[in-house]
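**Q** For reference, the chains in residue letters:
Protein chains: 2
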Amino acid sequence: MTDNSAPVGVFDSGIGGLTVAQEVIRQLPHESVIYFGDTARVPYGPKSPDTVRRYSREIAAFLGEQGVKSIVIACNTATAHALGVLREELEMPVIGVVEPGARAAVAATRGGHIGVIGTVGTIKSGAYERAIRAIEPDVMITARACPLFVPLVEEGWTDHDATRLIAREYLEPMLDAEIDTLVLGCTHYPLLKPLLRDVLGPDVRLIDSAEETAAETARTLNEAQLAAAPGADPAYRFIASDDPLQFLQLGQRFLGATMEGVEIRTLG
Amino acid sequence: MTDNSAPVGVFDSGIGGLTVAQEVIRQLPHESVIYFGDTARVPYGPKSPDTVRRYSREIAAFLGEQGVKSIVIACNTATAHALGVLREELEMPVIGVVEPGARAAVAATRGGHIGVIGTVGTIKSGAYERAIRAIEPDVMITARACPLFVPLVEEGWTDHDATRLIAREYLEPMLDAEIDTLVLGCTHYPLLKPLLRDVLGPDVRLIDSAEETAAETARTLNEAQLAAAPGADPAYRFIASDDPLQFLQLGQRFLGATMEGVEIRTLG
Numbered sequence: 001m002t003d004n005s006a007p008v009g010v011f012d013s014g015i016g017g018l019t020v021a022q023e024v025i026r027q028l029p030h031e032s033v034i035y036f037g038d039t040a041r042v043p044y045g046p047k048s049p050d051t052v053r054r055y056s057r058e059i060a061a062f063l064g065e066q067g068v069k070s071i072v073i074a075c076n077t078a079t080a081h082a083l084g085v086l087r088e089e090l091e092m093p094v095i096g097v098v099e100p101g102a103r104a105a106v107a108a109t110r111g112g113h114i115g116v117i118g119t120v121g122t123i124k125s126g127a128y129e130r131a132i133r134a135i136e137p138d139v140m141i142t143a144r145a146c147p148l149f150v151p152l153v154e155e156g157w158t159d160h161d162a163t164r165l166i167a168r169e170y171l172e173p174m175l176d177a178e179i180d181t182l183v184l185g186c187t188h189y190p191l192l193k194p195l196l197r198d199v200l201g202p203d204v205r206l207i208d209s210a211e212e213t214a215a216e217t218a219r220t221l222n223e224a225q226l227a228a229a230p231g232a233d234p235a236y237r238f239i240a241s242d243d244p245l246q247f248l249q250l251g252q253r254f255l256g257a258t259m260e261g262v263e264i265r266t267l268g
Numbered sequence: 001m002t003d004n005s006a007p008v009g010v011f012d013s014g015i016g017g018l019t020v021a022q023e024v025i026r027q028l029p030h031e032s033v034i035y036f037g038d039t040a041r042v043p044y045g046p047k048s049p050d051t052v053r054r055y056s057r058e059i060a061a062f063l064g065e066q067g068v069k070s071i072v073i074a075c076n077t078a079t080a081h082a083l084g085v086l087r088e089e090l091e092m093p094v095i096g097v098v099e100p101g102a103r104a105a106v107a108a109t110r111g112g113h114i115g116v117i118g119t120v121g122t123i124k125s126g127a128y129e130r131a132i133r134a135i136e137p138d139v140m141i142t143a144r145a146c147p148l149f150v151p152l153v154e155e156g157w158t159d160h161d162a163t164r165l166i167a168r169e170y171l172e173p174m175l176d177a178e179i180d181t182l183v184l185g186c187t188h189y190p191l192l193k194p195l196l197r198d199v200l201g202p203d204v205r206l207i208d209s210a211e212e213t214a215a216e217t218a219r220t221l222n223e224a225q226l227a228a229a230p231g232a233d234p235a236y237r238f239i240a241s242d243d244p245l246q247f248l249q250l251g252q253r254f255l256g257a258t259m260e261g262v263e264i265r266t267l268g
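Taken in order, these protein sequences are the chains called S and B. Counting along the first sequence from 1, when you hit position 200 you're at 200 in this note's numbering, and nothing is skipped either side. Counting along the second sequence from 1, when you hit position 87 you're at 87 in this note's numbering, and nothing is skipped either side.
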């Protein structure tokens, strides 16, 4: 029934999920992608599970109307709160960022102590702890919310003394606790990688779930026999719920020239 | 037609406007107040004028249904983008925070050089510059957006080294330019007053528009013959569009025991 040439829907509260979209585009070069960034209601991190679920459902319904064959929730907070209900309510495959990140962390840890950082919503939900323990019950996990990282990235202060000071304050207790692997549980955080490497030193592995999520998307589409034909010519659409120009400017920092234009669509 | 015992509606994107509500409650002890905080869509600061106008209209319509006799826009960004349309579209008096703040700044300046800080939306709008020049065309104005201050206040880091470092980065160019008065053009910023005083030194006057806005509300209600009777017994309602418990916890930091409970109401 579903057309294999139908696009994959990818959504996020804003622009952070473009790190995931970029990996999907890189690893699945024949798949078309529709990206929705809910910039009119960003951020999801501090908001309640009910509200994030309501927003996620509205976006999934909109992507369904656009004819997507599968949905990637490219936002840790939305994955934490809404992956379950969307999987229950939708016919199509729904992929989140938490399980792939958890799997990569378990594969990477040498000492068996994994750190997880994310928004308040993601950390409070305990989604990473559950996903990690479902794979490997016998690891130590230390988690903490880092609510200032998203505004610092959006301010463009990815290499600023204040960001370094704040990162030290957030992460030194994790270093003291001797984590050996750190899950970047928010799609904005990969832009802080060089600074985080400085603060954490060379012995802590950084896990960015974008790559794993794209790989999981590939596996899922193949299993469901939904993958695009090898010769297919992909199309990309980017849609934001607020000011498309601002999205375009910020988005090109993440995606470069792949993003030619941005449409606007109001939800709610 | 309107009942003088009807409540005054006060709204903000979130909790910041409680600094204004508190002053209204203090200066107008017989007025009932309904406060609406749009916590499901906070912050307004980085969002487009169109989106902020749409949200403000929805909130004004909701407050209208609750029978308010007047509306105070206790949010600088919403005032900058929506005061005009709400004044046009509504029968009742609408008061914003920008004009009162501008008036207080003009009264306070000794050297004739006023600094203005606020969200990206407020600063981009130029609303303070227009309001200040309408009162006193012959002043110098230096304005800049300080987008990290709101998340820092919400993180509770009002006296933190990182906040001091960020405040210095934002404000030192204003000190170099020799401003003598600084308008805190965002209702979150009054919580940073002690730190800002440290950074700016004793010679710069800080203008917090809450007091002036409450005074303006009193004048407006009197002129419109809408003031509550001197013996009236006020009632207070607090409504948020997201998680009322979180609003209550954060809100009591601003308002103390006046806030006994918070209702939830979804908009949009």
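It is possible that some hints are incorrect.
[Claimed, not checked] Heads up, incomplete: computed chain S residues facing chain B, CB under 7 Å, no partners named:
(1) 28
(2) 40
(3) 136
(4) 140
(5) 144
(6) 151
(7) 156
(8) 158
(9) 162
(10) 164
(11) 243
(12) 260
(13) 264
(14) 268
[Claimed, not checked] Partner residues aside, some chain S positions facing chain B, computed with beta carbon under 7 Å:
(15) 2
(16) 3
(17) 47
(18) 53
(19) 142
(20) 143
(21) 148
(22) 159
(23) 165
(24) 166
[To be verified] Listing some non-contacts, in silico: residues in chain S with all C-beta distances to chain B over 12 Å:
(25) 84
(26) 103
(27) 104
(28) 139
(29) 167
(30) 178
(31) 201
(32) 231
(33) 233
(34) 244
To be clear, the hints were calculated from the coordinates, so they are not data collected in a lab. Idealized CB from N, CA, C, for every residue including glycine.
**Q** Would you mind marking each hint as holding or not holding in the structure?
**A** Here's how the hints hold up against the structure:
Given hint, residue 28 of chain S at the interface with chain B, is violated; its Cβ is 32 Å from that chain's nearest Cβ, farther than 7 Å. Among the interface hints, the one on residue 40 of chain S holds; its C-beta lies about 5 Å from the nearest C-beta in chain B, closer than the 7 Å criterion. Of the supplied interface hints, the one on residue 136 of chain S is violated, with its beta-carbon coming no nearer than about 32 Å to a beta-carbon of chain B, more than 7 Å. Because the beta carbon of residue 140 of chain S sits about 26 Å from the nearest beta carbon in chain B, more than 7 Å, this interface hint is broken.
Taking 7 Å as the C-beta cut-off, the interface hint given for residue 144 of chain S is violated, the closest approach to chain B being about 12 Å. Annotation: interface hint on residue 151 of chain S holds; nearest CB of chain B at approximately 4 Å, less than 7 Å. Interface restraint check: residue 156 of chain S against chain B, minimum CB-CB distance 10 Å, threshold 7 Å, status violated. With a least beta-carbon distance of about 13 Å to chain B, the hint placing residue 158 of chain S at the interface is violated under the 7 Å criterion.
Taking 7 Å as the C-beta contact cut-off toward chain B, the hint placing residue 162 of chain S at the interface holds, the least distance being around 5 Å. Interface restraint check for residue 164 of chain S: the shortest CB-CB distance to chain B comes to about 9 Å, outside 7 Å, so the restraint is violated. The restraint placing residue 243 of chain S at the interface with chain B holds, with a minimum CB-CB distance near 4 Å, inside the 7 Å limit. Restraint check, residue 260 of chain S versus chain B: the minimum CB separation of about 21 Å is more than 7 Å; hint violated.
The beta carbon of residue 264 of chain S comes no nearer than 9 Å to any beta carbon in chain B, farther than 7 Å, and the hint placing it at the interface is violated. For residue 268 of chain S, the suggested interface contact is upheld, since its CB lies about 4 Å from the closest CB of chain B, less than 7 Å. Of the supplied interface hints, the one on residue 2 of chain S is violated, with its beta-carbon coming no nearer than about 31 Å to a beta-carbon of chain B, more than 7 Å. The closest approach between the C-beta of residue 3 of chain S and any C-beta of chain B is roughly 33 Å, which is over the 7 Å cut-off, so the hint fails.
Because the closest C-beta pair between residue 47 of chain S and chain B is about 5 Å apart, less than 7 Å, the hint holds. Contact between residue 53 of chain S and chain B, as hinted, is not supported at the beta carbon level, the nearest pair being about 12 Å apart and thus beyond 7 Å. Taken as an interface hint, residue 142 of chain S does not check out: its beta carbon lies about 20 Å from the nearest beta carbon of chain B, beyond 7 Å. Among the interface hints, the one on residue 143 of chain S is violated; its C-beta lies about 17 Å from the nearest C-beta in chain B, farther than the 7 Å criterion.
Interface hint status for residue 148 of chain S: upheld, as the beta-carbon distance to the closest one in chain B is roughly 6 Å, under 7 Å. Annotation: interface hint on residue 159 of chain S violated; nearest CB of chain B at approximately 13 Å, more than 7 Å. This hint holds: residue 165 of chain S has a C-beta 5 Å from the nearest C-beta of chain B, less than the 7 Å allowed. Annotation: residue 166 of chain S was flagged as interfacial toward chain B, and the flag holds, the nearest CB pair being 5 Å apart, inside 7 Å.
For residue 84 of chain S, the requirement that its beta carbon stay farther than 12 Å from each beta carbon of chain B is met, with the minimum near 19 Å. Separation of residue 103 of chain S from chain B is adequate, the least Cβ-Cβ distance of about 31 Å exceeding the 12 Å criterion. Every beta carbon of chain B lies more than 12 Å from that of residue 104 of chain S, the smallest distance being close to 28 Å; the non-interface claim holds. Distance check for residue 139 of chain S against chain B: the nearest CB is about 29 Å away, which clears 12 Å, and the non-interface claim stands.
Residue 167 of chain S, annotated as away from the interface, has a beta carbon of chain B within 12 Å; the closest lies near 10 Å. Chain B leaves residue 178 of chain S outside its interface by the beta-carbon criterion, the shortest separation being 25 Å against a cut-off of 12 Å. At roughly 21 Å, the least C-beta separation between residue 201 of chain S and chain B is larger than 12 Å, which holds for a residue marked as non-interface. For residue 231 of chain S, the shortest C-beta to C-beta distance to chain B comes to about 40 Å, beyond the 12 Å cut-off, and the non-interface label holds.
For residue 233 of chain S, the requirement that its beta carbon stay farther than 12 Å from each beta carbon of chain B is met, with the minimum near 33 Å. Against chain B, the non-interface label of residue 244 of chain S is violated: not every CB pair exceeds 12 Å, the least being about 9 Å.
Of the hints listed earlier, those the structure fails to meet are numbers 1, 3, 4, 5, 7, 8, 10, 12, 13, 15, 16, 18, 19, 20, 22, 29 and 34, in rising order.
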